[in-house]
Amino acid sequence: MAGAGTEHARAHLWTAVVFGLATPLTFILCLTLWRTPFPLTEAVAIFENVTNTSTDLWVPATSYYRPLFYLMVSAIWHNAGTLDAALAWLKLVQIVAVLLLVVLFILHLRPRTFLDAAAASVAVAVLIGSPGFRDNLELPLSYTTVGMPLVLIVWILLNRQPRPGHAPLIVALTLIAIGFKEQGLVIVPVVVAAWWMRAPGATRGVAATLAAIAVAYVLFRLHWRAEWPVFEQAIGLGFTEIEVPEATARFGAFPYFVYAYSGASTMASLLFAEPARGVFRIVEAWSQGRAQAWQFAHVGASIGLTSVIAWGGVHSLRIKGGWSTESRAFVTLAVVLLACGALSFNYSRDRLAGMAVVFYAVAAFFALRAAASRAVEASPGRFTAAALAVFVLAVAWQTRAIATIEYVRATAWRNHMEWLVMLPERRVEFAERPAYLRIMDSMIEQGTDPAAPRPTRYPAWVALTIGQP
Amino acid sequence: MTSEIPPLPRRRRVLASIMAAPALLAALGLGAVESWRLLRPQSRLFAAPFVYSLADAIERHDVDQAYAFIRAGQDPNQPIAVVTRGRPVLMPPLLWAVTTQNSDAVRMLVGFGARVDPAAVCLAEEIGSAEIARLLTLHGPVGLNVTCPPPLRTAESADAAVPRRAPRTPAPPAPRAPTR
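First to last, the protein sequences are chains A and B. In terms of this note's numbering, the first sequence has 231 at position 231, counting the first letter as 1, and numbering is strictly consecutive. In terms of this note's numbering, the second sequence has 545 at position 76, counting the first letter as 1, and numbering is strictly consecutive.
Among the clues, some could well be false.
Pairwise CB distance ranges, derived in the manner of DEER restraints [unchecked claim]: (1) A:Thr240 to B:His530: 27 to 33 Å; (2) A:Gly321 to B:Arg506: 48 to 54 Å; (3) B:Gly597 to A:Pro229: 36 to 42 Å; (4) B:Val558 to A:Arg457: 32 to 38 Å; (5) A:Ser442 to B:Asp544: 21 to 27 Å; (6) B:Arg603 to A:Trp311: 57 to 63 Å; (7) B:Asp544 to A:Ala451: 36 to 42 Å; (8) B:Phe515 to A:Leu388: 34 to 40 Å; (9) B:Arg603 to A:Arg457: 31 to 37 Å.
Simulated from the structure, these hints should not be mistaken for laboratory data. All values reported here derive from a predicted model rather than from experimental measurement. C-beta: ideal position from N, C-alpha, C; glycine also.
Let's have the full structure, built from the sequences with the hints guiding it.
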């Protein structure tokens, strides 16, 4: 009993240490989000949509189907009382999702030793520094930011002994995630794979229920298939981005190669930091001799960590004695990555890998811990090399996490500038939409507030190292 | 003390320290930068270089600080003192924004109450800034008649002398629902 108590206390201590290390980053990130103005583009149109009573949120009339997101925005918009309160609540949705994700992530890792805590501190940086997370931090677009903690909760439940309320909770969380954005569908293969890997909380019933829901959902969406364009947004291909009309003209007759390329690009962007939006920008910059330090850091950090995860995953699969949490996390990462790739067939964006980021970070924790445990038993030369490699990897991921804060600041600044310079054109362009103009005019004050965050004016060498936008 | 620790635990501790050190440094560094931001918000690390006037801000293409003057109560139509061709002159901020070819400042000033007059359109034409001329004619008052004086320097700008009525482009089709 005393041993168990000591271990419990130690776990509390090291978990607290990781929370302490993650707090400045998370707090500053959330504070920046709180002070970020809503953008003129997208935000006003979303608010106009929810004021339009003739719009049926449940009918998937367009390629984008996010009924619960719109339901949430509508509920807040119509019940908050004032504009300021509505905007504050919408920001809180984004902020609480980020906080919940980081807190649950650390609690799930629950480090028990100093080495665990060190690996967890890198894993938190991986979570926050991944482009798949960073690209989802725009206001009020909380679609995937809400989905990420939900998939983590499901994963935690799947790895616990089943209790009466778990199965309905998993189904409900899945439906909520799908209702916010279709990326939520990746929870279905997570549960099915967990059931196949005999995860304690993954019962046959819950796997079958979710599989049935997924099939029904796909059939429901395919019912409106005729209204989807071949390409919804600009696509990246090789070293160039191609706008929709040109892409449709060139690949519309047989888009499947481009679809496969886009899906693979989304997966590769998480694993190797290239390509972004389907375009090999870093490779192009390197081939032209104009690559910057941050570009090497991003690609190097991703390739390095992905290699460690691959090694750790294969290592965990080779250990006899059935499935472990480590091996399940590795296989689940592969499954989620494939699902994210499939769901981003139409165009590739970093944000579309958001749901896989959770598992990438979990797998990073297990792999780094396993690699470190192996390294301490190696020869002095190998130990030194491993220590150096781990240090470089940790530094690179911490700079990427800091870059996320600068990215959010740059986004806030861009939003602020939109309000300063885009008003005249919007007034002409939307002259026939009084609701749009009314909402836009009511939001000018929040958009032009001089207190909006702005990127830190770091010295050039710092900006080039962290990749300041 | 450390020599008493068996090799494996010592290595474990060293490796853990190496892995956690960047996180600690990042946390301390961020904390220091944010504390500095609170204490010295006007430090070069956080604020753009100081501008003395609306004219100065427009000339430096610093739209945010230019807007700060408007927000603080400066009339966007009140002439401001500027130095052009070595001589101090008074001109409306919009004209100065056109002179400095600062299209973002033009947008900002028009968005926050600056009146578009034919002189600004003609000036944009004369200095060859078609984008700004288009912006001004698009966002000027309905029925704005622009008759620019004959070209001062080049025959190429003869087109500018042709009287014309500012065209009103039809509103584009309503965009679809937000896309992400």
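Are B:Arg603 and A:Trp311 spaced within 57 to 63 Å by their CB atoms?
58 Å Cβ-Cβ, so the 57 to 63 Å window holds.
Falls inside 27 to 33 Å, the C-beta gap from A:Thr240 to B:His530?
holds, 30 Å
Status of the given 34 to 40 Å range, CB of A:Leu388 versus CB of B:Phe515:
With Cβ atoms ~35 Å apart, the hint holds.
Between B:Arg603 and A:Arg457, is the Cβ distance one that fits in 31 to 37 Å?
holds, 33 Å
Supplied distance hint 36 to 42 Å, evaluated on CB atoms of B:Gly597 and A:Pro229
Given range 36 to 42 Å: holds, Cβ gap about 39 Å.
Measuring from beta carbon to beta carbon, are A:Gly321 and B:Arg506 in 48 to 54 Å?
About 52 Å separates the Cβ atoms of A:Gly321 and B:Arg506, which means 48 to 54 Å holds.
Satisfaction of the hinted span 36 to 42 Å by the C-beta atoms belonging to B:Asp544 and A:Ala451:
Taking Cβ atoms as reference, B:Asp544 and A:Ala451 lie about 24 Å apart, which means the hint is violated.
Okay, B:Val558 versus A:Arg457 on CB: inside 32 to 38 Å?
For A:Arg457 against B:Val558, whose Cβ atoms are near 33 Å apart, the range 32 to 38 Å holds.
Note whether the CB distance of A:Ser442 and B:Asp544 lies within 21 to 27 Å or breaks it.
Since the Cβ atoms of A:Ser442 and B:Asp544 sit about 24 Å apart, the hinted range of 21 to 27 Å holds.
In the structure shown, a violation is registered for the earlier hint numbered 7 alone.
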